[in-house]
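Asks: Using the hints, put the two chains back together into the complex; each one sits in its own frame.
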Amino acid sequence: MSPPIGPVEDSDDPAPDLDARGLKCPLPVIRLARLARDLPAGTTLHVLADDPAAESDIPAWTRMRGHTVTLERRGGHTAYAVVLG
Amino acid sequence: MLDATRSPLHPAARDTLLAALDAGWADPRRLHREARQARHLLDRARESIATSIGARPDEVSFHPSGAHALRVGVAGLRHPRRRTAERLVTSAVDRAVLLHEAHEADPASVPLPVDRLARISPETLGMALATGPTALVALQHANGEVGTVQPVAALHDVCREASVPLLLDGTASLGRIATPGSWDALVGDAATVAGPPVGVLAVRTGARFDLPGPRWEPEHGREVEDPWVPLVLAAAEAWQQALHAQAAEEASALTLTERIRAAAAAVPDVEVVGDPDDRLPHVVTFSALYVDGESIVDALDQRGVAVASGSACTSSRLEPSHVLAAMGALTHGNVRVTLPLEAVRPERADDVERLCRELPAVVADLRARLGVGDL
Chain H
1 MSPPIGPVED SDDPAPDLDA RGLKCPLPVI RLARLARDLP AGTTLHVLAD
51 DPAAESDIPA WTRMRGHTVT LERRGGHTAY AVVLG
Chain Z
1 MLDATRSPLH PAARDTLLAA LDAGWADPRR LHREARQARH LLDRARESIA
51 TSIGARPDEV SFHPSGAHAL RVGVAGLRHP RRRTAERLVT SAVDRAVLLH
101 EAHEADPASV PLPVDRLARI SPETLGMALA TGPTALVALQ HANGEVGTVQ
151 PVAALHDVCR EASVPLLLDG TASLGRIATP GSWDALVGDA ATVAGPPVGV
201 LAVRTGARFD LPGPRWEPEH GREVEDPWVP LVLAAAEAWQ QALHAQAAEE
251 ASALTLTERI RAAAAAVPDV EVVGDPDDRL PHVVTFSALY VDGESIVDAL
301 DQRGVAVASG SACTSSRLEP SHVLAAMGAL THGNVRVTLP LEAVRPERAD
351 DVERLCRELP AVVADLRARL GVGDL
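For the protein sequence lines, the chains are H and Z, in the order given. 1 is the number of the first residue of the first sequence in the UniProt record's numbering; add one for each residue after it. 1 is the number of the first residue of the second sequence in the UniProt record's numbering; add one for each residue after it.
Isolated chain Z (complex conformation) (with noise of 0.2 Å):
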């Protein structure tokens, strides 16, 4: 299994999770004493994820999902700026959700170019910030389908020379690498290390955050409802336990995804895509010319490796991946490997194998097969 977007939970956070169901089903904002305990393991678990992601506790809210937790961060932090500026500015790989709330605030607009690694440049922000007011800078800690980890030091210092907050998307990478201080507000999404679809927001205190509409109660206002607390359980165990196993866990998947990348490289006509050396190290993706997406991944998976693509009419969809578009890189033929972790996925190491044995066989079956051999 190469393909841990979603992946079965950790252990350990399946563990806590049947525990909870027990424990903490509560309403916790009723007062009898399963509330209260409610109420109590829901306060840990929110102490325990503050302090993975370096945040304080009050600074973090719960949300559905990561994209749910991005679109909340987008709202509250454009809201309060709404008489300086409207604009959102992002960047042509961030995530769909990301580009759309750009789209919706200022159709206009064009989000930032990027390098052939996919790397947003601090200079290229700079000067899409002086064209006008800007009311948020949203950008990704690292690209979820190239691996490529984003200079966001820098990024964050262009924002705070422009009096502009910066809205950090690190649903791809937290808990699998360091987590960054450079934002104002942070995103991240505990399925990233084998917990259950939990969206995490943080807020610096000092960071004007203000929702439109009605006033809420959940969440420091951020929410309409509190979340289910045997879920936000589950989902504190599983970064706990990335962030215990991440110096290990970082090593190992490092050399695995440069095994792939290696093997991949050496078939003719296939190119690595993403930045070589700042990258995630469970992510890798790979383009083969004249081969289409769909036909490599049910090739794979007939030999029982299971990967993503971010070709045209693979996952039901007609466009290819933005990202690949944005970087100039070759959209169909496309294979994306997201490892999982080594805790879920004992045997990983031998997925890997397996795909780099296999890989250069598939892809010549269906160069064959289309009769572009000589091409």
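If we strip away everything but chain H, and leave its shape as in the complex, we get (with noise of 0.2 Å):
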């Protein structure tokens, strides 16, 4: 069960939502929980990490709280596009 891997949408947006790079497992989703909380449904946040439970945590995260993602791997790190459910 791997979450759909595909071109993130804006994915050359230069300034993320959330910037995790260098953050480790569970830092990532927390940060991530933690900008979610306030914001309506149907918010997209565009989120960057290089953590490799990420790309694990992250979708888990989305599937647990009724949110969807999209992520692409770009070398060393791994873009996420999070549309709030």
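There may be inaccurate statements among the hints.
[Unchecked claim] Between beta-carbon pairs, the in silico distance windows are:
hint, chain 1, residue 1, chain 2, residue 2, range
1, H, R37, Z, D365, 18 to 24 Å
2, H, R37, Z, P276, 28 to 34 Å
3, Z, G181, H, R34, 50 to 56 Å
4, H, R74, Z, E250, 45 to 51 Å
5, Z, A178, H, T44, 47 to 53 Å
Honestly, the hints are just simulated from the structure, not real lab data. Glycine included, every Cβ here is placed at the ideal spot set by N, Cα and C.
Replies: Okay, structure coming up:
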């Protein structure tokens, strides 16, 4: 069960909503959850992370919270587009 | 103690080992009296283990560990088919040793995907075999990290349909649940039944088996050296004890792991992982959202509960468990319980109670420290 991997919209966006590169699990998910807490459904959040565990944990968190995610591997890190449910 | 992938020896296996230090120390290849006795004991151990796993003595060989037995099995089954195919098919939740062998055989190969319960689907296997010639399929009987038991009879049918041999990895299951008959080669590990770590490989008579390289004599030509007889005797004793106690042990372990599953699921944002029904009786795994694996293992250890974890940054690994990742499960905050046999740890029910009692406070405490209570 892997999340869909494909081009993330606005993949060249110079300013992600959350740059979690350098953070280890579970910090990327915690920062993302904090950011998402007060935002309305339908909001898209762009996240960058390079912790290998985040590739499992961000999709698992979105599943548990009823959000959706697409991810794109970009060499040294992964870009996530999270749509809040 | 709830982390029994390695456990203290079964008391009977320990007694056997100590007695065998005097009675079975000799080189079974020599011709003097002590050596003949060691040979006799080794033969008896082979018969006993063969009976325990539903094989014939001349099909069974002993290896230094379960992982070694898997490597020998893969090499010996692939080699005679090398003119037909190179490819080794395994799944994303199989042991790392099999994933590495599959990658070595074909770096472009992708392991079979699994569903959210870590189940391998016979249809997926059939589709993979249809894409090109395959030398060998190597799959687990059950997953030792999350407990899921695979549909091995259906998987073996798919292999037979495609005329590809199936190597079944029973290193997590053999001796804990009934041994399946659906295999061309089968691997087990005596450590799973509180024996010493001794790998066992059974290859069905009629299956083509041939190792590359020079001919060896020991273990039907499958090993470079004879096993140390006392170790094999202790392994045989552990297996026999496990077989004898299996029905009662399985029922009691299932009740205890069911208790853990319920207690974990009752904690907010804790996901219990793996097949809830078709599972190993002694394995249970769950993950706590926002908690890191090392902290939860440490906190439980301080309260007298020893558990393992598939999270990254535990057991000095940087990558999380490939099994949890393949299932799409949460990899952080992971706790893995492998129940020891009751014969090894008579107070295991108390250990389980302690885990269930301490878990809610441990998780709440760690979350409070991280300030994630409102997320």
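Asks: Work down the list of hints and note, for each, if the structure agrees.
Replies: Here is how each hint holds up against the structure:
| no. | hint | result |
| --- | --- | --- |
| 1 | H:R37 / Z:D365: 18 to 24 Å | holds (22 Å) |
| 2 | H:R37 / Z:P276: 28 to 34 Å | holds (31 Å) |
| 3 | Z:G181 / H:R34: 50 to 56 Å | holds (53 Å) |
| 4 | H:R74 / Z:E250: 45 to 51 Å | holds (48 Å) |
| 5 | Z:A178 / H:T44: 47 to 53 Å | holds (51 Å) |
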